[in-house]
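Asker: Given next are the chains, with one letter for each unit.
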Amino acid sequence: MQKRIVLDQQQIDIILKRFCHQLIENHDTFENTVLLGLQPRGPIVLDKLVKLLKEISGISVPFGYLDATFHRDDFRRRDFPLQANETKIDFLLEGKKVILVDDVLYKGRSVRAAMDAMIAFGRTQKVELMVLVDRKYTRDYPIMPDYFGVKVNTLESQYVVVEWAEKGFEKDAIWITEKVKN
Amino acid sequence: MSQLSTRHLLGIKDITTEDIQLIFETAQNFKEVLNRPIKKVPSLRDITIANIFFENSTRTRLSFELAEKRLSADVINFSSASSSVKKGETLIDTVNNILSMKVDMVVMRHSSPGSPHFLSKNIKANIINAGDGTHEHPTQALLDAFSIREKLGDVAGKKVAIIGDILHSRVALSNIFCLQKLGAEVMVCGPITLLPKHIASLGVKVEYDVQKALEWCDVANVLRIQLERQQIKYFPSLREYSLYFGVNKKMLDRLDKEIVIMHPGPINRGVELNSDVADSEHSIILNQVENGVAIRMAVLYLLAGVK
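In order, the protein sequence lines correspond to chains U and E. For what it's worth, UniProt numbering labels the leading residue of the first sequence as 1, then goes sequentially. For what it's worth, UniProt numbering labels the leading residue of the second sequence as 1, then goes sequentially.
Source of the hints: derived by calculation from the structure; they are not laboratory data. Hints should not be assumed to be uniformly reliable.
DSBU-like mimics (lysine-lysine), calculated; alpha carbons at most 35 Å apart, straight line [what the hints assert, rightly or not]: (1) U/Lys88 x E/Lys69; (2) E/Lys212 x U/Lys107; (3) E/Lys233 x U/Lys51; (4) U/Lys171 x U/Lys48; (5) E/Lys151 x U/Lys88; (6) U/Lys136 x E/Lys307; (7) E/Lys250 x U/Lys51; (8) E/Lys39 x U/Lys51; (9) E/Lys307 x U/Lys179; (10) U/Lys107 x E/Lys205; (11) E/Lys250 x E/Lys307; (12) U/Lys97 x E/Lys197; (13) E/Lys233 x E/Lys205; (14) E/Lys250 x E/Lys197; (15) E/Lys151 x U/Lys167.
All values derive from a computational prediction rather than experimental measurement.
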């Protein structure tokens, strides 16, 4: 199977640091800003980001995990329903600036569902999107990231695979692979 | 696994342990939804559900209706008291008429055991049994086991005593199947006339002394005396039943441990359960009601997702 590296450990570290500086530049003291990791893979990026932000700026930004499974538009249209994950948001989003964090932006459908799910927690002042990898020319919805690590050209027949050391992989790495044909 | 092994929820006997675990995990997520400021998700917005109740119900019907509305389904309600059933229409005709209105799921309560099974073989919609006579009441058993899991951390290895009118109880049978599938030990306790003859063949312990049952168990699920199903007298009087089989605070004080008290409702206060127990810190009766909505949301959601 063909496998091509998109980001290695060092590049991911640099991107996460850049994200932190961009966030500090745009959100200053984070007085009215919260971070949300989009389940199932956003929280791991978010956790790293929160830790780094604390190291760099000394600020602990409120954060939570958002699951949008029940808000997806492909329920009953997939062969298997997606299994829901935990939503853990201990604050209201009313009037808040929200930074939604995920690993890969592909069709934009998860992000649309996430914005729908967010409404249950109040009317946000602003929502920004942060992703490590932006797959170009694949969007089903007019959704663009405000912060991205890298933009890549991919085909429908390819996957973007994200590996984290925390999940038992040797190093953090992001790859492009071909989908296995049955 | 993210899909149930069945298209219908007819009884706990027909589903697998993995199905129960999936329902619990999904219900956990819905419980979080129910604590949000806006308690509604759009998952079932293209689904129409008919609640068909041929027998009286307050809690179960409200709980199902709320679960359906929280999932954004369209809901129609039917109760036999004000319908053409009284004019002699058959069950299958009634349901087929309702289905002609493009209904996707049917939640049904009926006094005849097996009626949801009969329907599931004859119509296309997903069927959820909301109680069929003295047979099964699967969502009640699921929410009972879910409440035990929430309170005690796990169901496996726990001792659960089901106390009261076992003979007429669909809750008892579904609970026995559900608890055993999850690895709990089950005991039934009640007057000999209200225990089915061969109940021990289900692998449950049988006890006639309530105090002994309370000493044995971690959880006591106290059931209602179903006077409406009793054609003959099974015990001399309610007062005598209460004296010998009612659970009160003094009995709990005599125990050297804390046990959890459950009741599927409606409670006959002062008969099977005294107020000093029903309203005590041992009781998780209102948690059961809250969990009922989350469990029913999970069942509806997962069944709607089965292709």
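Asker: Against this structure, judge whether each hint is valid.
Answerer: For each hint, the structure was consulted:
Our distance criterion of 35 Å between C-alpha atoms is met by U/Lys88 and E/Lys69, whose separation comes to about 23 Å. Taking the CA atoms of E/Lys212 and U/Lys107, the gap is about 62 Å. The hint is violated against a cut of 35 Å. Between E/Lys233 and U/Lys51 the alpha-carbon distance is near 70 Å, which puts this suggested pair outside the 35 Å criterion. Distance restraint check for U/Lys171 and U/Lys48: the Cα-Cα separation of roughly 14 Å lies within the 35 Å cut-off, and the hinted pair is therefore satisfied.
Taking the CA atoms of E/Lys151 and U/Lys88, the gap is about 20 Å. The hint holds against a cut of 35 Å. Distance check on the hinted pair: U/Lys136 and E/Lys307 sit about 33 Å apart at the alpha-carbon level, within 35 Å; holds. The suggested pairing of E/Lys250 with U/Lys51 is violated, with an alpha-carbon distance near 54 Å, which exceeds 35 Å. For the suggested pair E/Lys39 and U/Lys51, the alpha carbons sit about 32 Å apart, so the restraint of at most 35 Å is met.
Proximity of E/Lys307 to U/Lys179 is assessed by CA-CA distance (about 24 Å); at most 35 Å being required, the pair is judged to hold. About 56 Å separates the Cα atoms of U/Lys107 and E/Lys205, which puts this hinted pair outside 35 Å; it is violated. Between the alpha carbons of E/Lys250 and E/Lys307 the distance comes to roughly 53 Å, so the proposed pair goes past 35 Å and is violated. For the proposed pair U/Lys97 and E/Lys197, the alpha carbon gap of about 65 Å is over 35 Å, so the pair is violated.
Of the supplied pair hints, the one linking E/Lys233 and E/Lys205 holds, its CA atoms being roughly 25 Å apart against a limit of 35 Å. For the hint linking E/Lys250 to E/Lys197, the alpha-carbon distance of about 31 Å falls within 35 Å, and the restraint holds. Proposed proximity of E/Lys151 and U/Lys167 is supported: the alpha carbons are some 31 Å apart, at most 35 Å.
Hints 2, 3, 7, 10, 11, 12 from the earlier list are contradicted by this structure; the remaining hints agree with it.
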